[in-house]
Amino acid sequence: MKRLVLLLLCLCVPELWAAESSLPKIDIGKGGECVKDTQWMRKNHMHLLKHQRDETLRKGIRDDQISLKNCIECHASVKDDSVIARNDSFCVACHKYEAVKLDCFECHSGKRKSAWLQQRNEK
Amino acid sequence: MSDMNMDRRNFLKTSVGAAAVAIAPGMLLFQVAHGSTAAASSKVRWGMLIDTALCKPGCNDCVTACNKENGLSGGTAATDSQWIRKIEIKDINSGRPVSLPMMCQHCENPPCVDVCPTNASFKRADGIVLVDKHRCIGCRYCMMACPYKARSFVHEPLSDQHPDVPRGKGTVESCTLCVHRIDQGGKPACAEACTNHVILFGDLNDPSSEIAQKVHSVSSTQLRADLKLNTGVRYQGL
Chain A
1 MKRLVLLLLC LCVPELWAAE SSLPKIDIGK GGECVKDTQW MRKNHMHLLK
51 HQRDETLRKG IRDDQISLKN CIECHASVKD DSVIARNDSF CVACHKYEAV
101 KLDCFECHSG KRKSAWLQQR NEK
Chain B
124 MSDMNMDRRN FLKTSVGAAA VAIAPGMLLF QVAHGSTAAA SSKVRWGMLI
174 DTALCKPGCN DCVTACNKEN GLSGGTAATD SQWIRKIEIK DINSGRPVSL
224 PMMCQHCENP PCVDVCPTNA SFKRADGIVL VDKHRCIGCR YCMMACPYKA
274 RSFVHEPLSD QHPDVPRGKG TVESCTLCVH RIDQGGKPAC AEACTNHVIL
324 FGDLNDPSSE IAQKVHSVSS TQLRADLKLN TGVRYQGL
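The listed protein sequences derive, respectively, from chains A and B. Residues in the first sequence are numbered consecutively from 1, following this note's numbering. Residues in the second sequence are numbered consecutively from 124, following this note's numbering.
Be aware that one or more of the hints could be misleading.
Computed cross-link-like contacts, DSSO-like style, restricted to lysine-lysine with a CA-CA straight-line distance of at most 27 Å [claimed, not checked]: (1) K209(B) x K59(A); (2) K292(B) x K113(A); (3) K69(A) x K179(B); (4) K351(B) x K59(A); (5) K310(B) x K96(A); (6) K351(B) x K123(A); (7) K310(B) x K69(A); (8) K209(B) x K310(B).
Please keep in mind that the hints were generated in silico from the structure rather than gathered at the bench.
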């Protein structure tokens with residue numbers, strides 16, 4: 001019995017290791033947990049964003065916490081101030097892994113606003 | 124048969140109730156827990172009064188400010204977006220020239236909203252006419268419907284947009300009255316940039332506001348008033 005368990009364990013270890021290594025490596029920027037825990041956000045962020053975009057645009061309710069701009073504020077990379085610039089950027093890394101098309105940034109800026117303004121003023 | 128219907132109705136009621144209970148707490152928590160700006164109020168009617176007598180021919184400051192604020196290229200070709208443009212007109216009989224800025228007139232009864240097949244073109248409670256680009260399919264009916272030629276279509280992919288002003292290829296856009304500034308208590312970029320004080324911005328519904336008092340005391344006109352659109356932008360000295 002003991003041998004069997006050991007054997008199973010031995011078989012599992014590379015499996016686990018493989019699973020770990022193939023997960024996307026994400027640059028979470030400053031990160032933090034201002035809305036909900038990570039797992040919940042992974043599953044539900046799109047619902048919050050979609051709900052809030054209609055509230056903001058159509059009714060003028062600008063929530064300072066779950067706005068896309070506020071997400072970007074913390075999650076933009078500290079290296080390039082963007083959530084979309086590289087393959088391991090915050091939004092891109094997971095969306096690539098899950099093969100879900102990311103349309104937000106065809107119109108929206110993926111840059112941290114403060115950095116964007118600074119860059120514009122330097123021009 | 125009626126019993127069966129009752130059952131079905133009750134079943135639907137309970138399942139809707141259960142769904143609401145399951146979904147609501149999450150949403151409610153967010154709404155209660157965090158500060159957000161108040162919704163646009165229908166008591167407010169944002170508008171502008173433009174004094175054409177003060178507007179200098181050749182001055183383009185409002186246009187430049189708009190382009191900078193909203194990230195427009197500044198091009199004036201047919202395929203370039205122009206949210207505000209300067210127009211020089213001349214009275215046919217007297218030859219008196221007039222220079223004025225022209226943009227979305229933020230109508231109370233906007234034809235662009237009437238014709239939009241997807242409800243993308245809409246009027247906010249406070250009278251600002253906007254395009255919901257999440258819904259816009261780029262059919263451009265609104266551009267045809269607008270008597271002021273105020274809307275533009277984005278033909279080319281864009282990059283590096285202003286974080287406050289999302290814009291994208293395949294959608295129609297126009298003057299937003301700088302809604303992102305208004306919601307923060309500011310005023311439109313053009314009104315701020317105009318050094319000749321041509322553009323007076325404010326709440327037409329508030330009797331104590333400068334614009335309401337001026338509209339009350341001086342003669343001003345709406346462009347194409349015959350269409351009965353009741354524009355939010357009014358012109359003085361035409």
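Here is how each hint holds up against the structure:
1. Among the hinted pairs, K209(B) with K59(A) is inconsistent with the structure: their alpha-carbon atoms are about 31 Å apart, more than 27 Å.
2. Taking the CA atoms of K292(B) and K113(A), the gap is about 21 Å. The hint holds against a cut of 27 Å.
3. Only pairs whose Cα atoms come within 27 Å are accepted, and K69(A) paired with K179(B) is rejected, the gap being roughly 38 Å.
4. The straight-line distance between the Cα atoms of K351(B) and K59(A) is roughly 25 Å, inside the 27 Å bound, and the hint therefore holds.
5. A C-alpha spacing of about 40 Å is found between K310(B) and K96(A), which places the hinted pair above 27 Å, so the restraint is violated.
6. Taking the CA atoms of K351(B) and K123(A), the gap is near 45 Å; set against the 27 Å cutoff, the hint is violated.
7. With a C-alpha separation of about 21 Å, the suggested pair K310(B) and K69(A) falls inside the 27 Å cut-off, and the hint holds.
8. For the given pair, K209(B) sits about 20 Å from K310(B) by alpha-carbon distance, which is consistent with the 27 Å threshold.
Going through the hint list in order, the structure does not satisfy hints 1, 3, 5 and 6.
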